[in-house]
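Go by the hints and put chain F onto chain R.
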Amino acid sequence: MAEFRMPSLGADMEAGTLAKWLVKPGDAVSRGDIVAVVQTEKADVEVEVFTSGAIEKIHVREGDKVPVGTLLATVRGEGEAAAAAPGPSAALPAPAPDVGERARASPAARRRAEELGVDLRGVRGTGPKGSISVADVESAVSAAPPGPAPVSERSAGMRRAIAAAMSRSNREIPHYYLGTEIDLTATQQWLAVENSKRPVTERILPAALLLRCVALAAGEVPEMNGFWVDGSFRPSSVVHLGVAISLREGGLVAPALHDADKKGLEELMRDLRDLVTRARAGTLRSSEMSDPTLTVTNLGDLGVETVFGVIFPPQVALVGFGKAVERPRLRQGTVVPAPMVTATLAADHRVSDGHRGGLFLAAIDRFAQRPEAL
Amino acid sequence: MTEQELRDLVSRALRKIAPEVDQSKIDPGESLRDQLDIDSMDFLNFLIALHDAVEVDIPESDYPRLSTLRSIVEYLAQKKGVAPAGPVR
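Residue numbers (our numbering), protein chains in the order written: chain R, 60 to 433; chain F, 104 to 192.
Excised from the complex, chain R in its bound form (with noise of 0.2 angstroms):
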């Protein structure tokens, strides 16, 4: 019997709310299928099951929100036989209990709910015998109904990540910072071309190939890509990149591009556009929000010209791209306008130092001038 739990949805994740169920007791599912809709702080996630079999029991109600790594669902494997026919009153756990008039809470946990307004009876606990604690009461506040968050709640919901996120970076991680310009010329010809040879639903956006680039170069440079864990660093035998993505309500995501660095020129720009898409649309998946190995900011198009880049941990390393701007080059003895991005590396002191970031961002500028081999 495989254990389905709530999954970390990045590191600044603590607990999410089971939102919907997509499956019920008995049914059939394929690795990689989606069986849950989990909301967090920042977004909806459809969260994918990796295991095939049969859904055997379901432990977590919607609308409940529960720590990561609680057991939301067991999953009975191919050939398995079933623990006992799935029926109406197996598939749910027992709702809150009645705790009568007085319910039996830590005084730290009553403290809490006079403070938040709670009504104790109301709270469904979690400790020994069913006792509250400070968290079942917090939980019980910022447990969601099902259902779409209020745009004001998510977006408060999703700078309290980001900040948790970005404080633990700031705090744990020695950031050193690199930049260099980048001659966008032979790109924009490039592209100028291809794109003229495609119709408007295949066309390939310059973010696309800057992607492929830093996939490319990640591969020259592994240092810039895996985690800081326990310690050590754990490079990533896969470059799944992360991409910024800000939403319209405000803030932001950066789920991953999966295998960057094996996907072409084309094949890359259509998961960008449906992973941009779906983001916005919240309907990310588990598996994207769970673990890219380098993450990569593009602020162009808000006409910044250089981005200083906070690194999303435990990753190590972050790539920041401003707008392209024309400025004086030297060609051959002359002086010719030339479209110029700015490429910026914040990296982790624990894990590369100076030299091996120059590397980085020189391989990106390399692979840069040769688009037609990307």
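Any given hint might turn out to be false.
[To be verified] Some chain R residues flagged as far from chain F (calculated, every beta-carbon gap over 12 angstroms):
hint	residue
1	E139
2	S190
3	Y235
4	A340
[To be verified] When the alpha-carbon atoms are kept at most 25 angstroms apart in a straight line, the in silico DMTMM-like pairs for lysine to aspartate or glutamate are as follows:
hint	chain 1	residue 1	chain 2	residue 2
5	R	K256	R	E431
6	F	K182	R	E431
7	R	K256	F	D165
Simulated from the structure, these hints should not be mistaken for laboratory data. C-beta: ideal position from N, C-alpha, C; glycine also.
Below, chain F without anything else, positioned relative to chain R:
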């Protein structure tokens, strides 16, 4: 197809990329990207929605002609051979 129908199609395409925007507050003569805070991916998705709805090819070299609501409707009207029906409100 009438110009009003074109305006409705443009309005629907805009709603796809910026559903929260009150379109009655858009100045038809001002840059859409500035007013709606749309980035290049939103703009591409907007053009794709127009392409699908109006069935016209929009080459990249024409992008500068698609900066305002008014110029977009005019551009599409010209492409579809629609007679102008009055100023875009």
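(message) Confirm or reject: R:Y235 is not an interface residue toward chain F, with every Cβ-Cβ distance exceeding 12 angstroms.
(response) Nearest chain F Cβ is 29 angstroms from R:Y235, so the label holds.
(message) What's the verdict on F:K182 and R:E431, does the C-alpha distance respect the 25 angstroms limit or exceed it?
(response) Distance of about 33 angstroms is beyond 25 angstroms: violated.
(request) Find the nearest Cβ of chain F to the Cβ of R:S190 and say whether that gap is larger than 12 angstroms. (result) Non-interface label stands for R:S190: nearest chain F Cβ at 43 angstroms, farther than 12 angstroms.
(request) Find the nearest Cβ of chain F to the Cβ of R:A340 and say whether that gap is larger than 12 angstroms. (result) violated (9 angstroms)
(message) Holds or violated: R:K256 and R:E431, Cα atoms, limit 25 angstroms.
(response) holds (15 angstroms)
(request) Take the C-alpha atoms of R:K256 and F:D165, compute the straight-line distance between them, and say whether it is at most 25 angstroms. (result) Holds. R:K256 to F:D165 sits at ~14 angstroms (cutoff 25 angstroms).
(request) Beyond 12 angstroms from every chain F Cβ: check whether that's true for R:E139. (result) holds (44 angstroms)
Of the numbered hints listed earlier, those contradicted by the structure are 4, 6.
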